[in-house]
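A.B. asks: Heads up: the sequence lines are chains A and B, in that order. Each residue of the first sequence is one higher than the one before, counting from 1 in this note's numbering. Each residue of the second sequence is one higher than the one before, counting from 1 in this note's numbering.
None of these hints come from the bench; they were simulated from the model. For each residue, glycine too, the CB sits at the ideal point set by N, CA and C. Take these hints with a grain of salt, some might be off.
If you want the ones that stay clear, here's a sample from chain A, every Cβ over 10 Å from chain B, calculated [to be verified]:
1) Lys90
2) Ala229
3) Glu393
The list that follows gives simulated cross-link-like pairs (lysine-lysine, DSS-like), each with its CA atoms no further than 27 Å apart [said to hold, decoys possible]:
4) B:Lys339 to A:Lys203
5) B:Lys339 to B:Lys220
6) B:Lys456 to B:Lys85
7) A:Lys203 to B:Lys138
8) B:Lys220 to A:Lys203
9) B:Lys220 to A:Lys204
Pairwise CB distance ranges, derived in the manner of DEER restraints [what the hints assert, rightly or not]:
10) A:Gly89 to B:Gly97: 48 to 58 Å
11) B:Gly218 to A:Gly256: 47 to 57 Å
12) A:Gly405 to B:Asp102: 24 to 34 Å
13) A:Glu114 to B:Arg234: 28 to 38 Å
14) B:Asp102 to A:Thr83: 43 to 53 Å
15) B:Asn454 to A:Gly335: 25 to 35 Å
16) B:Asp266 to A:Leu432: 45 to 55 Å
17) A:Gly405 to B:Leu457: 26 to 36 Å
18) A:Gly89 to B:Ser129: 54 to 64 Å
19) B:Thr392 to A:Pro39: 38 to 48 Å
20) B:Met227 to A:Glu114: 17 to 27 Å
21) A:Ala54 to B:Gly388: 31 to 41 Å
22) A:Ala54 to B:Ala96: 54 to 64 Å
23) A:Glu114 to B:Met387: 29 to 39 Å
Now for the letters of each chain:
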Amino acid sequence: MKALILSWALAFAATAVAAAPAAPLAAPATPVVAAPAGPTFFIHNGKLYTVGAAGTIAGGDVIIAGGKIAAVGQNLTPPAGATIIEAHGKPVTPGLMASATQLSIQEIQLGAAESNDSSPDLTEDTAAFDVADAINPNSTLIPVARIAGVTRSLVMPVDGAGVFFGQAAVIHLGNGPDILVKRAAGQLVRLEPSVATFGPPQKKLSRPDLWAQFRETLDDAREYWAERAGYHKPGGYRDQRTFRIDLDALGPVIQGQEPLIVHVDRASDIREAVQYAQANKLKLVIFGAQEGWMAARELAAAHVPVIIDPDLNLPDSFSDLGATLRNAALLDKAGVTVIFQPQADDPSQYARTITQIAGNAVANGMPWDHALAAITRNPAEVFGIADQYGTLETGKDADVVIWDGDPLEVTSAPTALFIRGQRIPLVSRQTLLRDRYRNLNDRHMPFAYR
Amino acid sequence: MERRYWPILGALALFAAALVAVWLIIPAHKPVTGQAHVADQFPDDQFPSTYRPYPSRPTLIRNATVLTGTDREIDHADVLMAKGKIVAVGRNLTAAGAVVIDGTGKFVTPGIIDVHSHLGVYPSPNVESMSDGNEAVKPVTPEVRSENSVWPQDPAFSRALAGGVTTLEILPGSANLIGGRSVVLKNVPAITSEAMKFPGAPYGLKMACGENPKRVYGAKGGPMTLMGNVAGYRAAFQKAAEYRDKWRKYWADKKAGHDATPPDRDIGLETLALVLDGKIRVQMHCYRSDEMATMIDVSHEFGFHIAAFHHATEAYKVADLLKKNGICAVMWADWWGFKMEAYDAIPEGIALVDHAGACAMIHSDDAIGIQRLNQEVAKAMAAGRRMGLPITRAHAVAWMTRNPAKALGILNRTGTLEKGKDADVVLWTGDPFSVYAHAEKVFIDGALMYDRDNPKLSPRSDFELGQVGQGPNGGAGQ
Numbered sequence: 001m002k003a004l005i006l007s008w009a010l011a012f013a014a015t016a017v018a019a020a021p022a023a024p025l026a027a028p029a030t031p032v033v034a035a036p037a038g039p040t041f042f043i044h045n046g047k048l049y050t051v052g053a054a055g056t057i058a059g060g061d062v063i064i065a066g067g068k069i070a071a072v073g074q075n076l077t078p079p080a081g082a083t084i085i086e087a088h089g090k091p092v093t094p095g096l097m098a099s100a101t102q103l104s105i106q107e108i109q110l111g112a113a114e115s116n117d118s119s120p121d122l123t124e125d126t127a128a129f130d131v132a133d134a135i136n137p138n139s140t141l142i143p144v145a146r147i148a149g150v151t152r153s154l155v156m157p158v159d160g161a162g163v164f165f166g167q168a169a170v171i172h173l174g175n176g177p178d179i180l181v182k183r184a185a186g187q188l189v190r191l192e193p194s195v196a197t198f199g200p201p202q203k204k205l206s207r208p209d210l211w212a213q214f215r216e217t218l219d220d221a222r223e224y225w226a227e228r229a230g231y232h233k234p235g236g237y238r239d240q241r242t243f244r245i246d247l248d249a250l251g252p253v254i255q256g257q258e259p260l261i262v263h264v265d266r267a268s269d270i271r272e273a274v275q276y277a278q279a280n281k282l283k284l285v286i287f288g289a290q291e292g293w294m295a296a297r298e299l300a301a302a303h304v305p306v307i308i309d310p311d312l313n314l315p316d317s318f319s320d321l322g323a324t325l326r327n328a329a330l331l332d333k334a335g336v337t338v339i340f341q342p343q344a345d346d347p348s349q350y351a352r353t354i355t356q357i358a359g360n361a362v363a364n365g366m367p368w369d370h371a372l373a374a375i376t377r378n379p380a381e382v383f384g385i386a387d388q389y390g391t392l393e394t395g396k397d398a399d400v401v402i403w404d405g406d407p408l409e410v411t412s413a414p415t416a417l418f419i420r421g422q423r424i425p426l427v428s429r430q431t432l433l434r435d436r437y438r439n440l441n442d443r444h445m446p447f448a449y450r
Numbered sequence: 001m002e003r004r005y006w007p008i009l010g011a012l013a014l015f016a017a018a019l020v021a022v023w024l025i026i027p028a029h030k031p032v033t034g035q036a037h038v039a040d041q042f043p044d045d046q047f048p049s050t051y052r053p054y055p056s057r058p059t060l061i062r063n064a065t066v067l068t069g070t071d072r073e074i075d076h077a078d079v080l081m082a083k084g085k086i087v088a089v090g091r092n093l094t095a096a097g098a099v100v101i102d103g104t105g106k107f108v109t110p111g112i113i114d115v116h117s118h119l120g121v122y123p124s125p126n127v128e129s130m131s132d133g134n135e136a137v138k139p140v141t142p143e144v145r146s147e148n149s150v151w152p153q154d155p156a157f158s159r160a161l162a163g164g165v166t167t168l169e170i171l172p173g174s175a176n177l178i179g180g181r182s183v184v185l186k187n188v189p190a191i192t193s194e195a196m197k198f199p200g201a202p203y204g205l206k207m208a209c210g211e212n213p214k215r216v217y218g219a220k221g222g223p224m225t226l227m228g229n230v231a232g233y234r235a236a237f238q239k240a241a242e243y244r245d246k247w248r249k250y251w252a253d254k255k256a257g258h259d260a261t262p263p264d265r266d267i268g269l270e271t272l273a274l275v276l277d278g279k280i281r282v283q284m285h286c287y288r289s290d291e292m293a294t295m296i297d298v299s300h301e302f303g304f305h306i307a308a309f310h311h312a313t314e315a316y317k318v319a320d321l322l323k324k325n326g327i328c329a330v331m332w333a334d335w336w337g338f339k340m341e342a343y344d345a346i347p348e349g350i351a352l353v354d355h356a357g358a359c360a361m362i363h364s365d366d367a368i369g370i371q372r373l374n375q376e377v378a379k380a381m382a383a384g385r386r387m388g389l390p391i392t393r394a395h396a397v398a399w400m401t402r403n404p405a406k407a408l409g410i411l412n413r414t415g416t417l418e419k420g421k422d423a424d425v426v427l428w429t430g431d432p433f434s435v436y437a438h439a440e441k442v443f444i445d446g447a448l449m450y451d452r453d454n455p456k457l458s459p460r461s462d463f464e465l466g467q468v469g470q471g472p473n474g475g476a477g478q
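Given the sequences, and given the hints that come with them, work out the whole structure.
C.D. replies: Written out as structure tokens, the structure is:
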């Protein structure tokens, strides 16, 4: 049995979960998008916040070629044929990563149901739900977010009543059609009662209900994966409550390969999740964590990262009475890896608030460079794309932003944007609306002709 | 800069003149003399304010950058407050015996006013038993008042205070076509809503365009369409007009000495009649430009005025129409797309409406957003500048101070730093349009109600006592 698990684990390191019934383990490889060959750019004289070992480089240059960062440093020589872009000493950062959004899987939250693939509709509980099946590279939310500097996102299902909500994915926000960077980037679980603010009332589940279901499902998954071949033998396997597709999806989670993203806010829930994950060797990420600062020591000791919206400071449920604006700073100070979610209410439409979120974390005590890491390198490392994204370093995909001021300042904005080496125009549906209506006096023809 | 506002002020003045004219030609409203008192107008004195300014000492903030809210930025300036009022704004002020606060490197603005909040009616904790913001049992409920739902112990009030909010309008939600009366509060900790109530501030009437009433009532007898919405507003105001006329006739008959029986009192229609009389200000949730135009027509049909369209994400498409009708547009900086009627919102909305000469402002509609309206204005200002509009911070500050005061009908009392106004004042640690700035001291009617550096001046509600949330800061800013 153990051998089976081990062999699976080895196989799994480079494969995705099989989706078809009884499919062999030789599932399609995780689609890692190859950066396309691209034009060559020379960014001259920027203040480079590399978020890497080189730290900040004043008066630095960046060479972009073939979709990658070809060189970073001072006094570089522009390659022949490179388009030279003058940064005038302004800040240059890696593209930003907005974590825990529904970018590309949700167009309109309310009243346009078919445009919204963000949460399981079929069953309350499903680990098999995979946002990668829903990715729409033509979502109008993508240009809106990227012209604010967001070039990557951890796309996550939305949780509600239930335990398992399915698999997250990482996307890039560059030119499509293929924007999926990493499938099965995390499995979302909720282990505290949900609060339904709007919409139909949700079934309330108590913590012991949630935990019992959570434990049993993972036990099922372990048993299943221990003897996966026996599952379909007549009489050879016990009935399990969990669907086969969900058991399949949980394979990499129980093996500690794929992050288990547990949505809890209360300190006691955080501690319980940490203990369970340690005992079962799971790769845990805590999402929410409004009382994270109260369990910061345990989180740090167990090397468990958190995804938080640091602006949440209201006791808006009995699970987050300890919410505070100091959460990010205290977690960071304790040594916890912090990742930021944009405005938690609606992180997709407001993915562009990720810089403001980070700025407020700084205003409330987090070091500036740590806040920048929380929207670049940290999520890249935790969600397994640090080999290609997260810093301004040679060899990484060229996600590069030139800013007109401090990138975490609310009045700042990108002046130039590159995603995987392609220069992206600073245009969105919103800039087009702006330009159409900027002069109301000109009525010689209807606005629709502009 | 002020000139930009003349057309609006002109429109308002014309409107006011029209009101006065209406007033004068209606005999029922003339004072009754020489006989027993007969009421000749609808009563409007229920739930009277018990708020009184808290004790204060004369206070002089010295050598700060002052954004007055009147399009002026004065550096190295002083602000003097005494007896709850602004005494002077200028350089080199002196005041014997005043508490002196060094404002060097800091900024002073008027207190922030949020015209759209549900604090207290949708409080924290957000639990079923205290969800008191929408009387969603029928689409027209002018008889309800948000002040009767406000839970003064909502911890979010203190968080907003720590964000520099000194005045806020609490509205019923938007489930209903006509959702009830709003109330304007001074943001002081209190144990009753009456003790927060802004003395003399006009009431608002919450109305809602668009998707929400349809969604709530579509399967419950309607309205289920936009045309159903409009029929609903018109039916309600028709009844209100008839109700008002009945009472006017009664008052006139009594005054003439005729034997007359008073009509049955209807509390909801009374509120709408006060809207028709111009005493309650219509605050209307309305996203789409076409619906705003429709509502302007409805207001003309029945002779009421719409003070402001809230959530006016498409106001930038009809800014000229709003200007012409003297209607304010209340917007977010960058909320958009959470439903179809918000799909066309753009970050330049506030700047474009302002640039067209209409009255533009920020609002929160959110217990988190209300804590950083200064940052929201900063984003709106920056977006406008990037499209080439010359917007100074002296001007932009009005989007969270002067213009909200105008929309609420309290500009004579607050919203700018001018002599004689309520001393609702915020001292900021730096440029309030920076993400790194904090409200350091917040004065309401001259009383220091929040001090970031003094835990004793960091209020916490009863709900927060004995809870885990007492660290690491505790209280106001949490």
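A.B. asks: State for each hint whether it applies.
C.D. replies: Hint check results:
no.: 1; hint: Lys90; in the structure: holds, 14 Å
no.: 2; hint: Ala229; in the structure: holds, 47 Å
no.: 3; hint: Glu393; in the structure: holds, 27 Å
no.: 4; hint: B:Lys339 to A:Lys203; in the structure: holds, 24 Å
no.: 5; hint: B:Lys339 to B:Lys220; in the structure: holds, 21 Å
no.: 6; hint: B:Lys456 to B:Lys85; in the structure: holds, 24 Å
no.: 7; hint: A:Lys203 to B:Lys138; in the structure: holds, 26 Å
no.: 8; hint: B:Lys220 to A:Lys203; in the structure: holds, 23 Å
no.: 9; hint: B:Lys220 to A:Lys204; in the structure: holds, 25 Å
no.: 10; hint: A:Gly89 to B:Gly97: 48 to 58 Å; in the structure: holds, 50 Å
no.: 11; hint: B:Gly218 to A:Gly256: 47 to 57 Å; in the structure: holds, 48 Å
no.: 12; hint: A:Gly405 to B:Asp102: 24 to 34 Å; in the structure: holds, 28 Å
no.: 13; hint: A:Glu114 to B:Arg234: 28 to 38 Å; in the structure: holds, 33 Å
no.: 14; hint: B:Asp102 to A:Thr83: 43 to 53 Å; in the structure: holds, 51 Å
no.: 15; hint: B:Asn454 to A:Gly335: 25 to 35 Å; in the structure: holds, 31 Å
no.: 16; hint: B:Asp266 to A:Leu432: 45 to 55 Å; in the structure: holds, 49 Å
no.: 17; hint: A:Gly405 to B:Leu457: 26 to 36 Å; in the structure: holds, 33 Å
no.: 18; hint: A:Gly89 to B:Ser129: 54 to 64 Å; in the structure: holds, 57 Å
no.: 19; hint: B:Thr392 to A:Pro39: 38 to 48 Å; in the structure: holds, 40 Å
no.: 20; hint: B:Met227 to A:Glu114: 17 to 27 Å; in the structure: holds, 24 Å
no.: 21; hint: A:Ala54 to B:Gly388: 31 to 41 Å; in the structure: holds, 37 Å
no.: 22; hint: A:Ala54 to B:Ala96: 54 to 64 Å; in the structure: holds, 59 Å
no.: 23; hint: A:Glu114 to B:Met387: 29 to 39 Å; in the structure: holds, 34 Å
When the structure is compared with the earlier hints, no violation turns up for any of them.
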